[in-house]
Amino acid sequence: MTRQHHAAGRSISIGLLATVIVLGACHKKPETAPEPVATPAATPAVDSAAIRDSIARAQAARDAALARQRAYDDSVRRANEAAASAGEQTGLRNTVTAVIHFDFDRSELRDDARSTLDAKIPVLMANPDLTIRVAGHTDERGSVEYNIALGQRRAAAAKRYLTERGVTANRVETVSFGEGRPVNEGHDEDAWGQNRRDEFEITAGGSRLNRPRT
Amino acid sequence: MRFFLPLSVALLLWLPGGGLVAQDTTHRGVTIGLTYDPASRPGIAILPITGSAGDSIRAIIQRDFDYSDRFTIVPLDASDPSTFRGKTPGADLNYPLFARLGAAAIVQATVGDGSIHVALHDVAKGSVINVVDFPLAGRANTRDWRMSVHGVSDEVERWITGLKGIAQTRIAFVAGQRIHLIDSDGTDDEVTSVTGSAMSPSWNASGTQLAYTTFGTTSRVMVLDLRTGHSRVLHNATPSHANLTPVFSPDGSSIVYSHADDEGSDLFLVTTDDASPARRISVGRGTDNVQPSFSPDGRRLAFTSGRVGHPEVYIMDADGTNAELLTSFDFGDKNYRSDPDWSPDGRLVAFQSQFADGRFQVMTISLRDRSTKLLTSEGSNEQPSWAPDGRHLVFTSTRGGSRELWVLDTESGRLRQLSRAAGAQLPAWSSRLGSSASTNAASRQ
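Sequence lines, in order, name chains Y and L. Position 209 of the first sequence, counted from 1, bears residue number 209 in our numbering, the numbering being contiguous throughout. Position 77 of the second sequence, counted from 1, bears residue number 77 in our numbering, the numbering being contiguous throughout.
Isolated chain Y, as found in the complex (with noise of 0.2 Å):
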């Protein structure tokens, strides 16, 4: 407890002091880059804002890519945390198996969803030989036909989330069972928020998994 405590309050001062140097390093910057004097007509100010746009275009870029690494980071502690806490076997396996949810009549990822997802990117990468079946499923509102093509929209949007970042598309089925395969055979908003789902099944490769690494 105290111990955690303590190295809790080491980072957050060791943020301060880097937040510190950054904003002294900013403090002094304004002179080293003097405002663009406007330039005569021959020179067309059209090129200093065409650079302009491409360094803060890189500067995008650069950034997107390292909220990608701190996110893709962020996974394999969470992932790793999830391997130690229950052992590391069943932990991996858990964090591919584990479900999403869908609110009703939608196939876009939530946030949690996301997050759940974003868990098992760095074990699918670690593991090139494990493939998986998405398995779209619906509440048992609404038609039931249009609750399968539902479920397997449900099913494609992980797909395409994995495989948008990396996972090879043939390591990912994708199927949808509508709302015949209910987990919670209730009638009521709680049952309904349950198996609104997207199932995640280890179709080959899982016997030994590797842990990810950073």
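In case anyone wonders, no lab produced these hints; they're calculated from the structure. If you're wondering where the values come from, they're calculated on a predicted model, not measured in any experiment. C-beta: ideal position from N, C-alpha, C; glycine also. Keep in mind that a hint or two might mislead.
[To be verified] Examples of chain L residues toward chain Y, derived with CB under 7 Å:
(1) Ser200
(2) Thr228
(3) Ala260
(4) Pro311
(5) Gln417
Please arrange chain L on chain Y, whose structure you already have, making use of the hints.
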């Protein structure tokens, strides 16, 4: 409205051998006193039927007339049938008595060897207006035999109203992932030979085949031949991902179904002979497009699409062009409408619409002026399918507790429970089935 009733040439029927079939032996041109008006239900009396299984036949015909919602059954005290006979020479029946009982028509039938001899009397006119011998199929109380008795009811109904009845039909539905068939009067629910996770049965026009899908890890479009009991796979109906809601074109040449993959679902057309690759006909652009239903002339399709972000019913030409929204979003309380079924007369599309309490109700919309009609209110009512008379609808309802099939007369609002198979769903009403369309495809449950 006065009817020109078809007059059978009665004399012909007394030729040795009997055996004449009702079809094509009648012609129009004789006006009789019977008045038919869709809003009224003329009284009809069915005399006790003599001969083998006569009581069963009478019970079936009486129920068929009742379920047609076009007649009022006149109960008879059959303890002394002699009172029905005419007292004056030449008068076959005691017409004044039947007039007092409220009967406009009397059915008189006698069972012969493998056939039933039927005479229809016009009470006001005081005479027989039609006589026909109908063959009876198989042994008494078998399914084929019952279907042939239903055929008698439907034809007699045509003599009186000009419109053939719908007793000789069956309804396919799904319960426990098996396809069932049940007679239109609710008799003889039987499970077909189809195994696996079956969904969405639909009939071909002649009632000899059912198209359906299997779903789950192997999803296929299948065709069951009811005469042989064998199913075949339509290989060109892409055997991957989910394949849904197949329907036959009215001419039977093709099947339109929905194929759902990782890019949404679209309607595809495959020829029934499975000779060439399926062709995509809807342009869903990543949305869901399911549940096609042909107009009776085969030129248009109603279907469900999620293209505006929630399910609505659309119509388009059968080649996929000219898609337009049919159910506008400004009625009903929730943005969810689906399960269209185009009426056999082409005038209406039945569908289900969600209301504020979350439940679905069955509605119709007119193709002509887009006027709508709410047909149900008790429980949740879904998946409407038209009877061939364009007047009755079968749909699922939870009004009795568990989900069952119910039949509604859209003219009178009269309702009856059809199935007793807890969890019944996805009903599809057949066309009028000839006796020859009866099957040996099903195994008794």
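Which numbered hints does this structure break? 2 and 5
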